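Enquirer: Next come the chains, spelled out residue by residue.
Number of protein chains: 2
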Amino acid sequence: MNRTERKLAAVPDWTPGETAFKYFKARPMLKRVRLARPVRLESGREFGPVTVAYETYGRLSPAKDNVILIPHALTGDSHCASHGPDDPEEGWWEPLVGPGRVFDTERFFIICSNVLGGCQGTTGPASYSPSGKPYGMRFPVITIRDMVRVQRMLLEHLGIDRVLLVAGGSMGGMQTLQWAVDYPEMVGAAIAIATPARASAQSIAYNEVGRQAIMLDPYWRGGDYYRYSEGPEAGLGVARMIGMITYQSDASMARKFGRRLMEGPRADIYDLATQFEVESYLHYQGRKLAKRFDANTYIYLTRALDLFDLGAGYGSLEAALERVQCPVMVYGMSSDILYPTYQQRELVDALTRVGKRAEYVELETDYGHDGFLIEFHRMEPDLRAFVDRVAEGR
Amino acid sequence: MNRTERKLAAVPDWTPGETAFKYFKARPMLKRVRLARPVRLESGREFGPVTVAYETYGRLSPAKDNVILIPHALTGDSHCASHGPDDPEEGWWEPLVGPGRVFDTERFFIICSNVLGGCQGTTGPASYSPSGKPYGMRFPVITIRDMVRVQRMLLEHLGIDRVLLVAGGSMGGMQTLQWAVDYPEMVGAAIAIATPARASAQSIAYNEVGRQAIMLDPYWRGGDYYRYSEGPEAGLGVARMIGMITYQSDASMARKFGRRLMEGPRADIYDLATQFEVESYLHYQGRKLAKRFDANTYIYLTRALDLFDLGAGYGSLEAALERVQCPVMVYGMSSDILYPTYQQRELVDALTRVGKRAEYVELETDYGHDGFLIEFHRMEPDLRAFVDRVAEGR
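Respectively, the protein sequence lines represent chains A and B. Each residue of the first sequence is one higher than the last, beginning at 142 in my numbering. Each residue of the second sequence is one higher than the last, beginning at 142 in my numbering.
Hints were generated in silico from the structure; no laboratory data involved. Careful: at least some of the hints might be erroneous.
Since the list gives no way to pick out one identical chain from another, each pair is judged satisfied if it fits inside one copy or across any two copies.
[As the list claims (entries may be wrong)] Once the Cα atoms are required to be at most 25 Å apart in a straight line, the calculated SDA-like pairs of lysine to any residue come out as:
#1 K163 with V531
#2 K397 with G454
#3 K274 with P179
#4 K397 with D490
#5 K432 with L514
#6 K397 with A532
#7 K397 with H518
#8 K429 with M385
#9 K429 with V489
#10 K397 with G452
#11 K172 with D490
#12 K397 with G456
#13 K432 with R242
#14 K163 with L176
#15 K397 with D450
#16 K172 with G189
#17 K274 with P203
#18 K172 with T415
#19 K166 with G496
#20 K274 with K497
#21 K163 with E231
#22 K397 with G496
Since this is a predicted model, take the numbers as computed values, not measurements.
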């Protein structure tokens, strides 16, 4: 029996008939809701049923006026922070979310949901379709706007008709901006970090290389790999390697790895098996992602990134931004090579041009795009001041 | 019969028992010499026999004092320019090489050879080893220094013991610098364009992603694909896509492609088959390279790029540069993201620090790294002035 033909004996216990993604992690505090209605996608297609997975932090006030929505980035999920003893595993924005932190769980009710198309509980390509099989590449093309629509339906389910603040970085920042444009009456303030107003040709190019790497993997099988024990982990790993380069910077990689070899200065450099530290690091990151993320989700979400263009559907970026009713804080990471800071300045300039309250903070950092997941302490003072102003209604 | 099992019926006519690379192009003016001795590689290994493919332009003066050596970049070959009616196909530095051009074929004798490890006539992974099979991944790891050693043996064969000038860009620039350091008594002047003094972690990272893409291709078969009709063209194509991103710049991609779709503004963006122009362009470039370049050569030459460190073996960069006896002109492309201009300035600063004649010219361009293959007319005045000074012995 070929290793690729070894099918999984049965759908494992932890997939209650909903997902075929084998690394789905049923977190203790994960909540899930099946939306009552199908979602009308930006493409015009009615799509459903849709389940949304989400986590909440803090308590919803009786007036339901203390909600902060935190959309996640490409490979993120609903676990932006730990839940104390109930789920102590740190989340991807841990230092910002918790008691006394910027997004203070003693004051605010924080909602973080897995995006449409995701692989950690919300309906995505690994979910079983009404046909009884996982969607695979039959999943519809989705957009940032569609992710936001699903979040809005989640809020509706929770009886929330307005949020104090939406805050996110990268793909989370795109959702933040889309929220402020599409549902301006529902958003009290927005913080968009390391995000552009539209995806550039270069960022589309990087994503396409990642998708091609996945599709090159023979175990990808046109997206129908779920019933096999081997999936396109290697291809997703290569996609991740490319991504990791774009999330860092030349300077941070030089500092972290330089030209050091894994085997040290006495390594045999004339042996192809000898690795530079940077190579070993990228391989490690590739393997790591492939153990927690679904390759088809990577394809669909990067496509959503590529299609992101805030002005689309409104005629122009300015026309879209005209709709915004809330103050917007825009954060740029000085060494970001994925969404360089001129793109954040362009956004702020456009907001200012149409008379909106926008402020721009550029963080001098050599961490590149990933700065928004690293430079917590340096971002904190500006973020805290903004959040306090928002909470006090100033 | 599986398409991958369809072996080529026989070694085609144009491979005189030397290469298994099916896209080897036997150019009309290509000369080839089998070196009399094996090459002693930097690794200490004796390697041979080695055949070197080269082209020459102009006439060697009786005193053999008008030689210009032009090493090529990663995917280049010996065809840096056309040969008039004898071979009118344009070369990769066409506007710089020819009668009256910067590298004036009426004054100079220009030698351009395919590098060791290459796939266009010089011994490389696709060459038949003494065992009777193509080397594949049994080819030895080679370095920029090894490429230069082979070029030196070619000069020896031609009875040339000194060159007026070595000039090249990118990997050609690395060879140029290595020439000036390893054989200072043989080099009259050096022009190194868009090249670093050592490969950075980031550039190694990009190369490793390319290699992994090739190895991910099931048709790569551990490097032993030559006898099959299907090779790792798709994997090499993905590697090329990554390369092409790093050869350009965010600005040039924005200008050339923006967010335009292949099918125009009425394209169905909700169809995964719809392509952005930048995606289509990258696919085209990937397919194109795969029809003229060998995937194993790509693996070996990118490894040589990664291993490039001018100071290695001399204790430090300064110690290596102390050896240089000629004036060095260094060119940087302002928007180069592969070898950013701080790397060229670092090189020039180090040369200056050890008292060498070095000049730095930075070209303001948004073409990125590829500027050295595009911005001919803007580079020409400085190049011409330098070459004239060199030719006049000033």
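Enquirer: Look at each hint and say if it fits the structure.
Expert: Outcome of the hint check:
no. : hint           : result
1   : K163 with V531 : neither (41 Å within a copy, 66 Å between copies)
2   : K397 with G454 : between (43 Å within a copy, 23 Å between copies)
3   : K274 with P179 : within (19 Å within a copy, 61 Å between copies)
4   : K397 with D490 : between (35 Å within a copy, 24 Å between copies)
5   : K432 with L514 : within (20 Å within a copy, 42 Å between copies)
6   : K397 with A532 : neither (39 Å within a copy, 45 Å between copies)
7   : K397 with H518 : within (20 Å within a copy, 39 Å between copies)
8   : K429 with M385 : within (12 Å within a copy, 27 Å between copies)
9   : K429 with V489 : neither (36 Å within a copy, 41 Å between copies)
10  : K397 with G452 : between (38 Å within a copy, 20 Å between copies)
11  : K172 with D490 : neither (39 Å within a copy, 59 Å between copies)
12  : K397 with G456 : between (44 Å within a copy, 22 Å between copies)
13  : K432 with R242 : neither (30 Å within a copy, 57 Å between copies)
14  : K163 with L176 : within (23 Å within a copy, 57 Å between copies)
15  : K397 with D450 : between (34 Å within a copy, 18 Å between copies)
16  : K172 with G189 : within (19 Å within a copy, 66 Å between copies)
17  : K274 with P203 : neither (42 Å within a copy, 78 Å between copies)
18  : K172 with T415 : neither (46 Å within a copy, 36 Å between copies)
19  : K166 with G496 : neither (44 Å within a copy, 62 Å between copies)
20  : K274 with K497 : neither (47 Å within a copy, 69 Å between copies)
21  : K163 with E231 : within (22 Å within a copy, 54 Å between copies)
22  : K397 with G496 : neither (43 Å within a copy, 32 Å between copies)
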